[in-house]
Amino acid sequence: MNKTGKLIAVVTVGTLALTACGSKIESSGSSGEPSKAACGTVNIAVNPWVGYQADAAVIAYLATKELGCTVTKKNLTEEVSWQGFGTGAVDVVLENWGHPDLKKTYIEQQKVAVEYGLTGNKGIIGWYVPPWLAQEYPDITDWNNLNKYADRFKTSESGGKGQLLLGDPSFVTNDEALVKNLKLDFKVVYAGSEAALIQAFRTAEQQKQWMIGYFYEPQWFLSEVKLVHVNLPPYTAGCDADPAKVACDYAPFDLDKIVSKKFADSGSPAAALIKNFQWTNEHQNAVALDIAVNKLSDDDAAKKWVEANSDVWKAWIKS
Amino acid sequence: MTTLSAGAVRRAARLPRSWLFGGVVAVWVLLWIPLHGQDTLALSTSELTSLHERLNDLRDAINNTRGSSPVFSAFFDVIREAVDALTVFLQSLISQPAYGRPVPLIGWLGVVVVATLAAYAAGNLRVAVLTAAGFTSFGLLGYWQQSMDTLALTVAAVLICLVIGIPLGIWAGLSDRLHRVLTPVLDFMQTMPTFVYLAPLTLFFLIGPASGVIATLIYAMPPVIRITAHGIRTVAFSSVEAGTSLGATKWQLLRTVRVPLAKRTIVLGVNQTVMCALSMVTIAALIDAPGLGQVVLRALQTLDVGTAFRAGLAIVIMAIVLDRVTTAARDRVEARYRLGPKARGRRRIVLAGLGVAAAVALYLSYTYVWAAFFPGPAGTGVVGGQVAAGVTDASDWVQLHLGAVTDAIRNAISYGLLNPLQALIAQSPWYLVSAVVLALAWIVAGPRIVPTVAVCLGLLVATGLWQEAMVTLAATLVATVIVMALGIAVGVWMGRSDRADALIRPTLDAAQVMPAFVYLVPFLGLFGASRFTAIVAAVVFAAPVAIKLVADGVRGVPATVVEAATSSGSSAWQVVTKVQLPLARQSVTLAANQGLIYVLSMVVVGGLVGAGALGYLVVAGFSQSDLYGKGLAAGVAVVLLGVLLDRTTQAAARRMDAGTRRGRDQ
Numbered sequence: 001m002n003k004t005g006k007l008i009a010v011v012t013v014g015t016l017a018l019t020a021c022g023s024k025i026e027s028s029g030s031s032g033e034p035s036k037a038a039c040g041t042v043n044i045a046v047n048p049w050v051g052y053q054a055d056a057a058v059i060a061y062l063a064t065k066e067l068g069c070t071v072t073k074k075n076l077t078e079e080v081s082w083q084g085f086g087t088g089a090v091d092v093v094l095e096n097w098g099h100p101d102l103k104k105t106y107i108e109q110q111k112v113a114v115e116y117g118l119t120g121n122k123g124i125i126g127w128y129v130p131p132w133l134a135q136e137y138p139d140i141t142d143w144n145n146l147n148k149y150a151d152r153f154k155t156s157e158s159g160g161k162g163q164l165l166l167g168d169p170s171f172v173t174n175d176e177a178l179v180k181n182l183k184l185d186f187k188v189v190y191a192g193s194e195a196a197l198i199q200a201f202r203t204a205e206q207q208k209q210w211m212i213g214y215f216y217e218p219q220w221f222l223s224e225v226k227l228v229h230v231n232l233p234p235y236t237a238g239c240d241a242d243p244a245k246v247a248c249d250y251a252p253f254d255l256d257k258i259v260s261k262k263f264a265d266s267g268s269p270a271a272a273l274i275k276n277f278q279w280t281n282e283h284q285n286a287v288a289l290d291i292a293v294n295k296l297s298d299d300d301a302a303k304k305w306v307e308a309n310s311d312v313w314k315a316w317i318k319s
Numbered sequence: 320m321t322t323l324s325a326g327a328v329r330r331a332a333r334l335p336r337s338w339l340f341g342g343v344v345a346v347w348v349l350l351w352i353p354l355h356g357q358d359t360l361a362l363s364t365s366e367l368t369s370l371h372e373r374l375n376d377l378r379d380a381i382n383n384t385r386g387s388s389p390v391f392s393a394f395f396d397v398i399r400e401a402v403d404a405l406t407v408f409l410q411s412l413i414s415q416p417a418y419g420r421p422v423p424l425i426g427w428l429g430v431v432v433v434a435t436l437a438a439y440a441a442g443n444l445r446v447a448v449l450t451a452a453g454f455t456s457f458g459l460l461g462y463w464q465q466s467m468d469t470l471a472l473t474v475a476a477v478l479i480c481l482v483i484g485i486p487l488g489i490w491a492g493l494s495d496r497l498h499r500v501l502t503p504v505l506d507f508m509q510t511m512p513t514f515v516y517l518a519p520l521t522l523f524f525l526i527g528p529a530s531g532v533i534a535t536l537i538y539a540m541p542p543v544i545r546i547t548a549h550g551i552r553t554v555a556f557s558s559v560e561a562g563t564s565l566g567a568t569k570w571q572l573l574r575t576v577r578v579p580l581a582k583r584t585i586v587l588g589v590n591q592t593v594m595c596a597l598s599m600v601t602i603a604a605l606i607d608a609p610g611l612g613q614v615v616l617r618a619l620q621t622l623d624v625g626t627a628f629r630a631g632l633a634i635v636i637m638a639i640v641l642d643r644v645t646t647a648a649r650d651r652v653e654a655r656y657r658l659g660p661k662a663r664g665r666r667r668i669v670l671a672g673l674g675v676a677a678a679v680a681l682y683l684s685y686t687y688v689w690a691a692f693f694p695g696p697a698g699t700g701v702v703g704g705q706v707a708a709g710v711t712d713a714s715d716w717v718q719l720h721l722g723a724v725t726d727a728i729r730n731a732i733s734y735g736l737l738n739p740l741q742a743l744i745a746q747s748p749w750y751l752v753s754a755v756v757l758a759l760a761w762i763v764a765g766p767r768i769v770p771t772v773a774v775c776l777g778l779l780v781a782t783g784l785w786q787e788a789m790v791t792l793a794a795t796l797v798a799t800v801i802v803m804a805l806g807i808a809v810g811v812w813m814g815r816s817d818r819a820d821a822l823i824r825p826t827l828d829a830a831q832v833m834p835a836f837v838y839l840v841p842f843l844g845l846f847g848a849s850r851f852t853a854i855v856a857a858v859v860f861a862a863p864v865a866i867k868l869v870a871d872g873v874r875g876v877p878a879t880v881v882e883a884a885t886s887s888g889s890s891a892w893q894v895v896t897k898v899q900l901p902l903a904r905q906s907v908t909l910a911a912n913q914g915l916i917y918v919l920s921m922v923v924v925g926g927l928v929g930a931g932a933l934g935y936l937v938v939a940g941f942s943q944s945d946l947y948g949k950g951l952a953a954g955v956a957v958v959l960l961g962v963l964l965d966r967t968t969q970a971a972a973r974r975m976d977a978g979t980r981r982g983r984d985q
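Protein sequence lines correspond, in order, to chains A and B. For the first sequence, position 93 matches number 93 in the numbering used here, and the numbering has no gaps at all. For the second sequence, position 435 matches number 754 in the numbering used here, and the numbering has no gaps at all.
So here's chain B without its partners, still in its complex pose (with noise of 0.2 Å):
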């Protein structure tokens, strides 16, 4: 009885909630009639508040007592030196000339026959095709010695990762306490732009391998130790209860149950690692890690935009054979246990048999020029001049013709939607939009949000950059409502039917790993540098998370139950609105989730073709050092505002989820 009228009045609640939501913004653009141009803290490009000018001294500080410090001997140079000596034996390994030698130990034969066998070691056959064929293709596109550097990067970098971030996913799993105190900075190391801190780290690390390295594992550490800890926290109850009944410790606890049961999780964060890890590669080049990077950088440069996709295809290809070896290596963990004695045996011969190949080829390797050097014209590569030039007349061809198309739809977008947003947001006074934007957490995810949204406004205050900040909060809520309307839409279309989804998913993979860099030269052409084209980047690289998710989430709703629906006369536009985009509505309101963090890492690209605000600042405080300060501090808005947009959003799914659960119960 009592829970029933429980329900009952939080149904009741539950109307008014948008009714609420809508009355706020009502009042919102009453009050802004008025009030509008008041109190916006603006503040222009190049002034600076106390707070930026003491960031500047703070860094000035750190340059000036850099040579002298024991602090930076002791610490920091031992951290370089250790990097800097796995990275280069990585390097004289496959990519530099080492030992004397003119070419690196192991030549591309040995390269690709061991990556085929270690991919079939960890995988299955299938994916060991795939290496064959991607690693070949690196040579093809005539990058095989840059691949090889930004591959030797990408490993050190991920096993430092691993050897750190394991083991720390793991004690964060087993103590609350810890998981507390790292998911802040996790935060931190995940939405803080690179920008910021890679100015800082050539100070502390120099300019060489060390940095790059260190630069990219600061990104990319942060998935596996989520990962982790989430996979140990998640083995069953029951499991480790047998455990101890059997009388296990807490170590032996965690060696024989938890450990192997979290495993398939743990691999999957292994595989974000490597993904994470591999899109630093362009930024990790402006301090001159070596590579991919490099080459999409100063193809940049002459806006040479064939050139530029090449190294971004081979960069894809790359991220694609990884990110399939380790999907197919966590789908082993599980699967190994399966195979009968008959398909082990045969494993094993296949095993024998390339290991043989394997030793071969790296002799061959170390032995001959044909088998060191990649055949092939210099430069162009096998096929990398004619895809190079395929690429630049296509984009010219786009550009040429489509440009009045294009322009409309920016205009359209900017006057009809953009521009009265960025004004309401960014001209109302400072007190109104925190009330406002308070008021809205409350309401769509509950009292509990409003400690956590208050500091992060207030703390945005304390940056000196909140018009900035709002400017750049307006278009990453148009963006995320593109990103939303697109996973929608294909999200559907790729749960309800295979073909789509085999068709689409390779184009979404290439989409996110892509570096940036590649396409905003086409994009620029097409939308001019304005806010426009900053926000179509994002939706590139957010809108196929976004897609995957909702996909996964129609493709989970139980096919009896959209059985049901369709032999009962619903049409399919009725199945999916009434049955399973409601029965996804959990995966719907992560994909919100991560569009908008995905869309906020975006910022600083944006900022590089016409967004202005936050993500020009950041990039201005890496490129002039009066600026420093204040880029720091923009870079810090960017990650108070993903706090407030990831808390808001996380709170208001988990009561949703709540919401209906409850009402399921009953």
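Isolated chain A, as found in the complex (with noise of 0.2 Å):
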């Protein structure tokens, strides 16, 4: 016998020897219980944001452990999400940010998904600074005053003015209007994603560096940086109509919840779950920091919420 060969009857031998021990898969079956069945299949899109995540997380705890259901997490886009509800992929779109395009496509023309309720999340948009500038400038909260530190604000990219800020691409934002009604000698850069935006404010709190950009609550970074709201003229109703006129402040969004027809029909229990599900800005953040800074897995942070909070979502279950 050459070596090879004993090495693989050494093998051999060893392994078979390691059959002896170690426990065996048991094939799960199709034993479930009958709540799965009269709760199905529930598919949540999670966009790509923590704080959406921070509620698939305890949506899909819920409805697991309490009704039963089995949910499967897509993570789309919101854009894609919403098509999902046209074939039929997607059943839930648990905060959605504005979106009037497409309410107006999936909901008005296609009649294929339905609005489901606030989800109680405020969403602020606006114009931000790190705190160390708002603490060495605090009139720089006040955007009279952006002009005075219009040259701070310069860099490579900003063709000799200062330099907003943008980041993610899917939000809707009225910046470039903004920047020319308010005649500010400010031009508008585009970083792109959110990663990118948020590595900038953390790298200018750092290193002390001028940055000013688009930002919004609730988002789990401000739990790191505080950043400071800079105030554009308040907001008033209408004073948004024309998106090439606009002068004031980002309205404040209240955060819905999206299903498609199909579901909200189906009379599942989730349904009822979804459209009773309601919580403040501060439960999301709670959850939302546990995932992104404390990094606890989705259903960890889920649970540790669950359990200390069962009188908040006793209520979303009790149909």
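Just so you know, these hints were derived from the structure itself, not from any lab. Given the structure is predicted, the values throughout are model-derived calculations rather than measurements. Incorrect hints may appear among the rest.
[Unchecked claim] Computed Cβ-Cβ distance ranges for the label pairs, DEER-style:
1) B/357 - A/148: 31 to 41 Å
2) A/235 - B/394: 44 to 54 Å
3) B/486 - A/172: 40 to 50 Å
4) B/361 - A/262: 27 to 37 Å
5) A/180 - B/822: 52 to 62 Å
6) A/118 - B/388: 30 to 40 Å
7) A/118 - B/363: 26 to 36 Å
8) B/740 - A/100: 33 to 43 Å
[As the list claims (entries may be wrong)] One side only, chain B facing chain A, incomplete, derived with CB under 7 Å:
9) 518
10) 525
11) 621
12) 688
13) 725
14) 849
15) 944
[Claimed, not checked] Stretch by stretch, here's where chain A covers chain B in the computed footprint (C-beta under 8 Å, at least three residues):
16) 717-724
17) 755-764
Just so you know, even glycine gets a beta-carbon here, dropped at the ideal spot from N, CA and C.
Fit the two chains together into the complex; they arrive one by one in their own frames, and the hints show the way.
Below, the structure written as structure tokens:
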């Protein structure tokens, strides 16, 4: 017997010996609880930000543990999620930021989706500066003073003007119009992604750099660096009616839930859960922080919150 | 006599060529002074042209008819179901719980041993050991299941690519007409940014494995078709003639002469297709394709560099294993005939042994929990946690301590090179830039390129995104200059020193397959959201190709020539500049061509880190329904820039090559 042969023999004997110990894999079979059949499968779109992930984590946890549903999470961008209402691949969008165009297409025209109430979270959009800047130059949080400091905000990208940094292109922004209509000596620069924007704010705070950019709450990053909101001329109803003439701050968003028509009509207990689901920015931030900073898995973060807040979620499932 | 004078004329004409080039640029700058800012065809970010609106309408029309049209159910649904079935089957084999079991059919032990067996059967003992180590490391990093999902998707996409691509490639190798029709289609498939067709794909093929696989194969199929066609075309004429004279029919000729002789090249095509498929892992995750890409994207949301790197490392390891195995398989195609009977016997014994081990491992991993679930703490794996923490610390340290230096570098390049160049290209009137580009193309590549260039320029104007395209072009040119500087410096070093080659090559492989999303965050920390960050990302991706090509070229210079130069007293610098680089000129021009194309393929990634322009518009089109048409137009503009630059540099290289060959013939 040559060397390789011997080796094989040893390996074979060794593995055979190992089979003596160790537990066998049990077939899970099809003997699921009857409630599973009643609820069925829920397809939740998970849009790419942590706050949304927190919503989805808690809903998925409750739907699975309390209602016995099978939850499928699908990681998708907003646009693609809405398309999923039409093709049947998506049942639920849990945190929708406005999107009147998508509502028109899928709710009014194609009639494949329906609005399903507010999440209770308030979305705030606006211009923000890092905290060190607001501390040293308190008057910077008033837009009237921005031009005074425009020079300090110059970068290699802003063509001799101050730089106003924008992030992910999926948000509707009025910033180019705002800069023009408020006669600010700034240029809008597109960072292109949320990660780029957050990293820019993080560096600016660490190294005391001048920076102003578009940001929003609720967002987990605000618990790491408490960005300061810059006050534009206050929002009044209708002041943003003409996108080209906007000269006021962003309207506060009431984030809402959208579900597919089919799912809304299904009578699934999960549909009732999602309809009743409502919580505060603090609730969401707590779960988001556990996911983003404390590195808990979605399920563990949800479990932690659910165990601590039974009074909140009990109201969602009593139908 | 006539050839001699023709040569003399050509040599005389070559000197003024660089003069002409400089002259055109000088005229351009002079005209720029009075004309800049006029007719730049600028369009603000939210503005749309009628073309963009028409594209939006088209998308809406498709979206609205999806449910009712029989075309969908008859055509797309059939494709989707078939692709889904294949992918889900592979997943249930190795990655996903299936058939009522809490685990896939084959657990980690079975996969590792079977993969090792396959690597040995296709290649040799060395790659078999590499495969075993690589596959085990997926589990150690804590990403066994995600890696298997990625592997299943990649295998599904590659299988489909090969089933369609190899026959098509062979056909294109035989038929000139098909080759001509196919080439622009393949160009389109390779250079069109994936973001542009990602959202429509889910409309046609729904959200699910099929869309992910199809997105991957659109990008991964061209190499195998191209390289197969090339292999069939370059089979020596004498071999084919010998076959014909023996009375072989066309079919026999193909089966017994052409395909066997082209086999080595075809396997190279397979290799490239595998690499391209793996490079799509992260992007496919944007439409819910399962696997390592999901981990990378999710880590990006919280700027978790360590975790993103950990998943990226698993992708790199998978790519290196698959690359080395397919390369070894290619070499075996030749080596097989040379093996002695003794070696062949030994091989057979090892194969049999591994076969038995694989059967045992399959049984164990089907039956026992310990062989099905990879052991180690859930989530972090045995070493994954440490790897992630180490990388996070390193990245934080670098950002904190090198910030001042990196800012200075960015500002130097941006103010010194990029801003002036961008001002010249993007602030000139479009007709001036067009005239200059046509003139320069004529000078470097000859008159035959002019119609192609003119069509590309015309279409660029038609996209309505002329100025954005010019901003992208400026950044692309700067990135390519840096790529070529690195390519020549490092390539020459690698070409002259085996030690340097062995040391650097794995790093280059890793830089090529590491998803850009992994290193974007630390780069953003170092250089801020800027065009320069985009340039750095493009350089990381494109420089390896240029370096490898230059190194191969330098290595290909006959040793006798180098020795002769050295013995005649030339210094190392003289040998490099007067002998090695000039003789490797063809490789250097190829490196420039590939460098450009690879830089262009990073335009969209650049858009994610502050490059703006076309890249940003493509991303915006993917995420905002109003901007869909504009994003599509931006994608087309990227393709047009790619075709323009590729055709011109190729023609210039051919011309240069022809010139030197003629020069040598005299």
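Report task. With 33 to 43 Å as the target window, see if residue 740 of chain B and residue 100 of chain A comply at their CB atoms. Result -> holds, 41 Å
Query raised in the report: Is the shortest C-beta separation between residue 944 of chain B and chain A less than 7 Å?
Result: holds, 5 Å
Query raised in the report: Taking the beta carbons of residue 180 of chain A and residue 822 of chain B, is their distance inside 52 to 62 Å?
Result: Given about 54 Å between the Cβ atoms, the range holds.
**Report entry** Cut-off 7 Å, beta-carbon criterion: hint that residue 518 of chain B touches chain A
**Finding:** holds, 6 Å
Query raised in the report: Is 30 to 40 Å a correct range for the gap between the Cβ atoms of residue 118 of chain A and residue 388 of chain B?
Result: Cβ of residue 118 of chain A to Cβ of residue 388 of chain B: about 36 Å, so the range 30 to 40 Å holds.
Query raised in the report: How does the Cβ-Cβ distance of residue 361 of chain B and residue 262 of chain A compare with 27 to 37 Å: does it lie in that range?
Result: violated, 46 Å
Requested in this report: So, residue 849 of chain B near chain A? Judge it on the closest CB pair being under 7 Å.
Outcome: holds, 5 Å
Requested in this report: Hint says 26 to 36 Å; check whether the CB-CB distance for residue 118 of chain A and residue 363 of chain B agrees.
Outcome: holds, 34 Å
Requested in this report: May I ask you to test the hint 44 to 54 Å on the CB atoms belonging to residue 235 of chain A and residue 394 of chain B?
Outcome: Holds: the Cβ-Cβ distance is about 49 Å, inside 44 to 54 Å.
Report task. Let me know if the C-beta of residue 725 of chain B comes in closer than 7 Å to any C-beta of chain A, holds or violated. Result -> This interface hint is violated because 10 Å lies over the 7 Å limit.
Requested in this report: Just tell me: holds or violated, for the beta carbon distance of residue 486 of chain B and residue 172 of chain A against 40 to 50 Å?
Outcome: holds, 48 Å
Report task. Classify the hint on residue 688 of chain B as holds or violated, based on whether any CB of chain A lies nearer than 7 Å to its CB. Result -> At about 5 Å, which falls below the 7 Å cut-off, the nearest Cβ of chain A leaves the hint on residue 688 of chain B intact, so it holds.
Figure legend: structure checked against the earlier numbered hints; hints not met, in rising order: 4, 13, 17.
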